[in-house]
Structures are given as structure tokens and as C-alpha cells.
Amino acid sequence: MTYNAGQYDVIVIGAGHAGVEAGVAAARMGAKTLMLTLNLDTIAYMPCNPSIGGPAKGIVVREVDALGGVMAKVIDKTYIQMRMLNTRKGPAVQALRAQADKALYSNEMKKVIENEENLTIRQAMVEKLIVEDGVCKGVITETHAAYYGKAVIITTGTYLRGKILMGDLEYESGPNNQRPSINLSKNLEELGIQLVRFKTGTPPRVKSQTIDYSKTEIQPGDEEARAFSYETTEFITDQIPCWLTYTNETTHQVINDNLGLSAMYSGMKRGTGPRYCPSIEDKIVRFHDKPRHQIFLEPEGRNTEEVYVQGLSTSLPESVQHEMIKSIPGLENAEIMRPGYAIEYDAVVPTQLWPSLELKKISGLFTAGQINGTSGYEEAAGQGIMAGINAARKVQGKEPIILDRSQAYIGVLIDDLVTKGTNEPYRLLTSRAEYRLLLRHDNADLRLTEIGYEVGLINEERYRRFTEKKHLIEEEKRRLNKIVIKPTEEVQQMLNEAGASPLKEAIKVYDLLKRPELGYADIEKIIEKNDALTDEVKEQVEIQVKYEGYIKKAKEQVERMLKMEDKKIPEDIDYDAIPGLATEAREKLKKIRPLSVGQASRISGVNPADISILLVYIEQGNIARTAN
Amino acid sequence: MMETDTITAISTPIGEGAIAIVRLSGPEAISIAATIFTGKNLHEVESHTIHYGKIIDPESEEVADEVMVSVMRAPKTFTREDVVEINCHGGMVAVNRVLQIVLDQGARIAEPGEFTKRAFLNGRIDLSQAEAVMDLIRAKTDKAMNVALKQMDGRLSSLIQRLRQDLLETVAHVEVNIDYPEYDDVEEMSHEMMRKKTKEVHEEIQKLLSVAKQGKILREGLATAIIGRPNVGKSSLMNTLVQENKAIVTDIPGTTRDIIEEYVNVKGVPLRLVDTAGIRETEDIVEKIGVERSRKVLKESDLILLVLNYNEPLSDEDRNLFEAVKGLEYIVIVNKTDLEQKLNMDEVRELAGEKPVIATSLVREEGVEQLEEAIRNIFFAGEIESGDLTYVSNVRHIQLLKKAAKALEDAMEAIELGMPLDVIQIDVTRTWEFLGEIIGDTASDALIDQLFSQFCLGK
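In the order they appear, the protein sequences are chains S and Y. Heads up: take any position in the first sequence, counting from 1, add 16, and you land on our numbering. Heads up: take any position in the second sequence, counting from 1, add 706, and you land on our numbering.
Since the hints were made in silico from the structure, they are not lab data. All residues carry an ideal CB built from backbone N, CA and C; glycine is no exception. Some hints here could point you the wrong way.
Claimed, not checked - Looking from chain S toward chain Y, a few residues come up when the C-beta cut is under 10 Å (computed):
#, residue
1, L101
2, L260
3, E533
Stated by the list, open to error - Derived SDA-like pairs (lysine to any residue); straight-line CA-CA distance at most 20 Å:
#, chain 1, residue 1, chain 2, residue 2
4, S, K306, Y, E894
5, S, K530, Y, G1124
6, S, K530, Y, H897
7, S, K583, Y, A825
8, S, K579, Y, E817
9, Y, K1108, Y, P764
Claimed, not checked - DEER-style ranges, computed between Cβ atoms:
#, chain 1, residue 1, chain 2, residue 2, range
10, S, I146, Y, D891, 50 to 56 Å
11, S, P236, Y, D891, 21 to 27 Å
12, S, N272, Y, D891, 17 to 23 Å
Based on the sequences and whatever the hints tell you, model everything.
Here it is as C-alpha cells:
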């Protein structure tokens, strides 16, 4: 027997990194939103590494911010260390990474949720979805509460039928001994949703006071103040370093001797783990001739002694973990506070989703985050905000927002998931983006603020500042294009100081800025200063001018891609009725049901001839419609 | 990608009929044809008219073929786009060359059935024909794939695969530096390493392209001209070569000219003795048209056989001939050694420099073996094995190789400019993709796979 616990527009199951973005976005867009979490003390909890950002991932955090999400602002308030990565490389691959204070991050996010209008948060275990005629209408909890909603977003992370594995120990559990979600997983199967078993793992945490840091190398944060959010104006200056040490042959011997005891190597059939974050036992087996592996010691916060041993993810028995830790320089006397473990969980096969993250099979039901087969807090947040936006828009009767591959890493991520699927937990890498030069850390706002504003997540004030910035960039580029400088002594001196060859004839400043050795700061010395410009604007002008040729080339490719994206495939298309399609292509197309010819062309097994046939078939339909 | 670019293909059945047609369709069809056509300005001619002229390769300025070009402007064409048809007369060799030139000018090789598909998409074909179009695309694709597979030499595909693997490892190296900036297992990729790698692969591609040229020569024959003053034995030389080697005489009547080409196979080297009609009449082309112009004609030959008379002193005309062949591939033949020596051989050797000088008596059939040996040596000089010569023959392959080379050149330029490696890598990846198209491998996950198998990454 259930009781009616209330009616909402959007219900979000889970309050992890996907859930909070989804809930906040939906609420801020005016939807009456309910969030249900297993434990109110673990909102936006980080069960694995205490860090946010990194290559590609850091750019996602910027994108979430530009769209009006919360992750960037919360980490900006709670980091213990911030670094810009790849500073010696091009602008396209630079990215921020913060070491987080886990507890503070979680607390801060809880405040955001609690203070959000339109947003109700409640502790509850959802066991069942209310689905009628293929439409999701609400959820039922284990306490028999029936919540009704027009859209439901599942963001249950690794909790679905979660199982922790450590040596011969195995038990049903969510991450960090939270309760697993067993019945919801069963319910999804009953509803005909295809699930897949994935696994991931986490390393042991050791006590800081028992580490001999003198045997390790310090890894400090950047001196320059940095922030993820375009809106952050206050920066944390008191930073805490990380430390670097290495495994050695003794460590590897310990692992090899005990390989049979690893939960993952004991011969049992297990879920698929990601190649990009293998356990230490995986690394030793696959790269056996590597004499040592890096181990980063990362503090989990300001008010805790716990230190995350990055690089030592494992499912070996606790006793072996002690031995492993003792073999590592600096950790000889380290006390393990929490052992590492592997966790297996159910994920939804993501090709069952539309690019809006709504399930094809059940209208009004969305999934986002690790449940879709991804890994990482940032990937979860990126999906979360899109699911939140699209659920709210569905309630409002509006078309979903779908970011394409040239607009955002979030677009790449979702397109990969729903078009190609994944056979291991999916992690974003810069190499997954074909228009990487366009998807930069620095221009996330230029790419996405407009969309955030349109959907109602960016307020007027922020939008005004944004348009002002955009205007200044264009104005300055125009100005630089008009200034011609001559090879005067002052100019030659500046070039000399910058290590650039001297000027032979007069040149536009705009073109001078294209020289690799020169930055805006150098150029500024020889032209009239423009006091209206912020550092951000100057940086943007420099990048846009310097890489103009490459950016143009990329944009041409994008245009060709978009032409195919614009060729929409009718939703009611019957692939069986199309003669000439290869069998494999037909099966794939029926399963994925791509929205556009462009998306269809990215499905593996659909070749150019199939695309040609598809185009002809669609056109035939268009002609028929016109004729009618 | 579709319906906006200009496509081209040979639209007549391969190997059937003396005349073959290269068809272009798309917005650039007329301007591409106009750039490579000498004759009337094709931009200005009326629609649905046909014009005589020559197709010139803008890079080498060589004449590829004498042709008739018809210009048909949109929309009253098969595809409803601007269409140009180049009617070639010179057989398959010339057609392929014309197609290659058209592609070099920016046209794209048409996919199977693409002209028909465009016709349909532009509303030229009615609804009832749509299914037929789809069948056609399928049938043609399957056929084209079979043909392409057959044309693909096993050694070519393994070489391409090796180059791709090289590039992939390089790209993965750059990627691992980007995605795992703290990973200390590999040296940070440097501009110097990148320069070395791109140069290596570029050289290999260039070698393939030059082999492609040799491959073309193998199929077409080495264009060989026999020159010399009247009565030095040019006809005898030709007859000797032909008789010795059981010539295949082809008679290809064009509408504008009649040429007889003699194909002979000299020790594995196919020679195409060109303009033999002229030679038979013992008219000396240098005499007739002057040194400057004859040089241009001679430049189109791959090999020149310069014949002198042992029985006469070196004349100014002979010296002009030496002047005309300077810098070209030639062999000096001193004929009539059965007669009294009146020629100053020292002077001849000095003029010939490093080029071979062969003494013959064609009436006594002396020196022929040495001559054939010399021809063989010229052709097989260098590292090219005769077996490798069939490597790249498919026009599409050559086009993709050229694109790959161009992309690498862009990367090399960026290296010199000191661009960041992740930017340089864009063009290296493109090279890898172009090479992949040759062997039909466009799997985009290969890089990610490479990344994780090459490097030990993790948390």
C-alpha cells in the first residue's frame, strides 16, 4: 500500500554530482522539483579521488558553469589546491584541476540545495517507478510514499545492485558502505531497460601523521589565483600541497605473490572495469616490465588526517594492502584508515537514450551520470545539468536542448554515449573531441552562456557582463587590425626581449600577434593601452588571433558536420521498409534510432553507402509529403 | 560534405571503347575545367556546347590529352548542377591522368552512384525511381568495393598500416602528455621528435607517390622519343627495338589526330615510342620547330634516344640536340660503327657527360644488347624493385596519398613556426585519417585503444 506523498514537476533520484546539477537546474527553470537521496549526509559526496577537473574534465566544469550549473562555484569555495595543467601546451588543452576538501564540498553543496527555491530534498530509498503506458509518472519509496512527477531523472551513480569486493570479501553495498539500491535495479529490468555490469575501484586512505613526507616530492598548487567559475571573484590563497612517491619492485613482488587473492583476479566473472583507471594489480600484470609506478598522496581535506593514495586502486585483501603500503617510500609506517576496494554495479546501456538523456522506451524518464556508464564527477555533472534542463523543458512542453560535438565536451560525451554506447566506464579525454581547438577552457562562456541564458539558468546581470565581454573582444580585434606599426627602435627592442626576430617592414599589430613568441602583453608595450580590457579579454583576443587559421579550419569542418546534423530523420521512420540497407546497418539504426543523418553516420557499422540510401529514402518521403 | 562540393569520376566503362569521359558535377565544375583547359574560355561558352582543346597539368604544364569538352549549366543537366564532360581520346592512360588533374584542382572523387543520387536529391529523378536509385547505390558500392579490394596490393596495405601505426603512436604520445600531464613514464614529446617523425613518414609517402608515378609508367609505358639528324638510323633503331621485342602495335584513332604508338617491352621496361610517325618520315623535330620548342616537346618524354652517325663529324645540329636534351633522361647512340669513324668520340663523351654512350651497328645488329641494358639501368636505378611498381595505381589512392602528404606538410610548417604540439597534432591526425581511408579503416576508437595499450595510466 502506498500513500500519496505529493505532486512535483521533476523528481530527481539521487543527490550526487549528476543529481545536484539536475535538481538545481530544473528548480531554477521554474519546475517544482523533488530530490530523493539515500543519505542526506552524503550530498555531492566524492567516494573516490578528492579532486575535480583535469584535462577535458576541467573544461566540462567550466561548461557546466557557463550553462548556469553549480559545480564550479562550489569547488571554488572549497578547494585546498588549484592548478592549471598543460600550461606549456596550446590553449586548447589547458585545464584546471582542484584538490577538493571532500567534507566542505559536500556541506557547501548541501547548503546550495537547501536554499534553492522550488527544490525539496528528502532522504528516501526509491524502489519502483510508476510507469503507465510507457510514460513515467512518479516513484515509490521503500516507506511506501508515492511521489508523482511529470518527469523523473535517475542519477543513482554506482549504487544500483552495488557490490563491494576486497580479496575474498564481497557484500552488497553502495560506495563507501552506503546502502545499495537493489530493488530499483530489478524494477528497471522489469520495465525492459537493458542493464550492463561495470566495475570501478578506489585505493586505500592512509593517516597523514604517519607519512614521512621527507621521502616524497612536493606537488604544490599554482601561485596564481585561479577559479573554475566565471563568476568567482574571491580566491583561496591558503593551499595545501600533494606529494609524489613511487612503487618499487618490492611492491610489485607483494602484488604478484598475492594476485590470486585479488577479487578481480580470482577467476570469477566480473563486471568490466575501465582501462584508464586500472587497479594496481592490473598495471603490474599488463605492464610487467615497468619498474615503478607513480603514487600521488592527496589530502582529503583541511580538517581530516585522511590521505588518498592515488595510483593504488586495488581489490586485494586488507592484509596485502598493508604490505603494499609499507613497501612504498614515505609510507613505511603509514596507517591505513580505510582499505581500498572494487565495486561492481549496474549501469543502463546508454544507447537506449535519446540525446536529451530521456529513455526511448519510457517517456518522461531520464538518466544521468554514472548510471549511464560514465565515470567521474565531472562527466556526471555535465549529464546532470542537461538532464535537468531537458526534464524541465519537457514539463514546459519545449524541445530538448542538445549540444553538438562542436559546442561542448558535454556534447561529445552525450553523443558518444547515446550513439556508440560504451563497453567500459566512459571517461572523457581530449582526444575524444574532434574539434578540440574550439572546445577550450578559456571560451566555455562564449560557447554556452547564450544557451544558459535562453533556458533561464543565467540571470540578466551575468548575461549583461557576458555580452559586454564579447563586445570588448570583437572591438579589440578590430582595433588591432587597424594599428600598423613600423620597425622603430622601441618595437625592435620589444621583439628582441621577447626572443622574436626583428621587424623588416611595417605590419598590422593583429598580424604581429600571430607570431608564436609574442603574447598580448608584449604587444601592449608598443601600442596605446586599452584600459577597458580585463585580463580575460586580452587572453581571448590573443588566442583568437594567434590560432585564427586553425580555428577557421576547424569551423569549416564543423559546418560540414552540421549540414548532416541538420538533416533530420523522421521519428516514425521504418528502417525495415528501406531497401538496400546492409543488415548490420539496419539493425544498428533500429536500435539507436538516430535523430539526424549526421548522428547516423557516427554509428559503427553504418557505412557511407547506407547513409546515401538513407538520404535518398528521407528525401523520397519529403517529396511525397510535398506532393500531398 | 554532400551536395555542396564538386564530384568527378570516369563515367564510361573502364577499358571499353576508345573514348572515355571524365564527368564533373557541382558548383566548381566549370571553373575547374576552365583552369586546366586550353581553348575557349569555358566560363563564357554557351550551355550545352562542346569545344576542342587540350588538358594541361597546371603543375608540370604538360599536355595530358587532346580532348573535347562539353559544358552544361544547371539546371538542365542530369544532376541539375553544372556539369562538364571531358571526352578523352588517349585511352585509359590519358583518362586517368585527366581525372588525376581534375582531382588535384579540388574536385572530389564521386562515391558509387553519387551522380544518380544527386540527380535524385536535386529533384531530377521522380519518386518512382527512388528505389532504383537505392538499389543502384548498393550494387555499385559492392562492385566498387570488390574492385578496390582487388586493386589494393597487399604490400601497399601493409606499408600504409605501418605508416599509420607510426603516426598513431606519435599522436598517442602527444595525447598522453595532454590527458595525463603528470604521467612521467614517457619523455615529453618535443618539437624535435615531432619533426623527425613527420619527416620520416612524409618521405615514405613521397616515395609511394613517386612509385605511383613509376607504376603509371609501367602501365603506360615509358614515353620514349628517338631523335637525330636525318639518315642517322632512327627508323632502323625503332624497327630493331620493335622486332627484337615483339611490339604491340596499337592504333587508337582519335577524332583530331591519328597517332601510332608502338609499345615494346625492353628487359621488363615498357617503352612507348611516341610520335613515331614523325620519326618515320625522318623529319627532325629540332630542325623543324627549333631548340626552345622542341625542348618542351622533349620534356614530355620520359626517355630520349639521341642518335648520332659514327660516319660523320659532329655537326652544329648534333650540338643543338645535346643542348635540347640537357637535364633530361637520355642515351646517346652512336650508330653505323660498321663504317669508317669520322666522329670525334671524345667530344661526344664530353657532351654526354654522365649519360650513357652506346656504340651500335644496327645493320649488323651490334650493340643492341648494350643499349637495352642501358635502358633497363636507367629505369631501375635507385631502390625501386620492379615488383613494387604496381603498388599504387588507383586514382583514389593516389589522391588520398597526396592529401596525406599535404596534411603532413601543414604539420611540418606548424612545427617550424613553433606552434604547440597539440595544434600540430591536428594535422598529424588528419594524415592518419587520410591513410586510413586508403585501406578502408576509419575506426575512430583506435587512438583511445592505442593510448591505453601503449601507456600504463590510472588512478
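Answer holds if the nearest beta-carbon of chain Y is closer than 10 Å to that of L260 of chain S; otherwise answer violated.
-> holds (8 Å)
Mind checking the alpha carbons of K530 of chain S and G1124 of chain Y for me, to see if they're no more than 20 Å apart?
-> holds (11 Å)
Pairwise beta carbon distance, N272 of chain S to D891 of chain Y, judged against the given window 17 to 23 Å = holds (20 Å)
Grab the minimum C-beta distance from E533 of chain S to chain Y and call the hint holds if it beats 10 Å, violated otherwise.
-> Status holds, d = 7 Å.
Restraint check for K530 of chain S with H897 of chain Y, where alpha carbons must lie at most 20 Å apart | Distance ~19 Å between K530 of chain S and H897 of chain Y Cα, so the pair holds.
Is the gap between the beta carbons of P236 of chain S and D891 of chain Y within 21 to 27 Å?
-> holds (22 Å)
Is K1108 of chain Y close enough to P764 of chain Y, meaning Cα to Cα at most 20 Å?
-> holds (16 Å)
Taking only the CA atoms, is the gap from K583 of chain S to A825 of chain Y under or equal to 20 Å?
-> Holds, at about 18 Å.
Given the hint that K306 of chain S pairs with E894 of chain Y, test it: the Cα-Cα distance must not exceed 20 Å.
-> holds (18 Å)
Holds or violated: 50 to 56 Å for the Cβ distance of I146 of chain S and D891 of chain Y?
-> holds (52 Å)
Grab the minimum C-beta distance from L101 of chain S to chain Y and call the hint holds if it beats 10 Å, violated otherwise.
-> holds (5 Å)
20 Å Cα cutoff - pair K579 of chain S, E817 of chain Y = Holds: K579 of chain S and E817 of chain Y sit about 18 Å apart, inside 20 Å.
Violation of the numbered hints given earlier is absent; every hint is satisfied by the structure.
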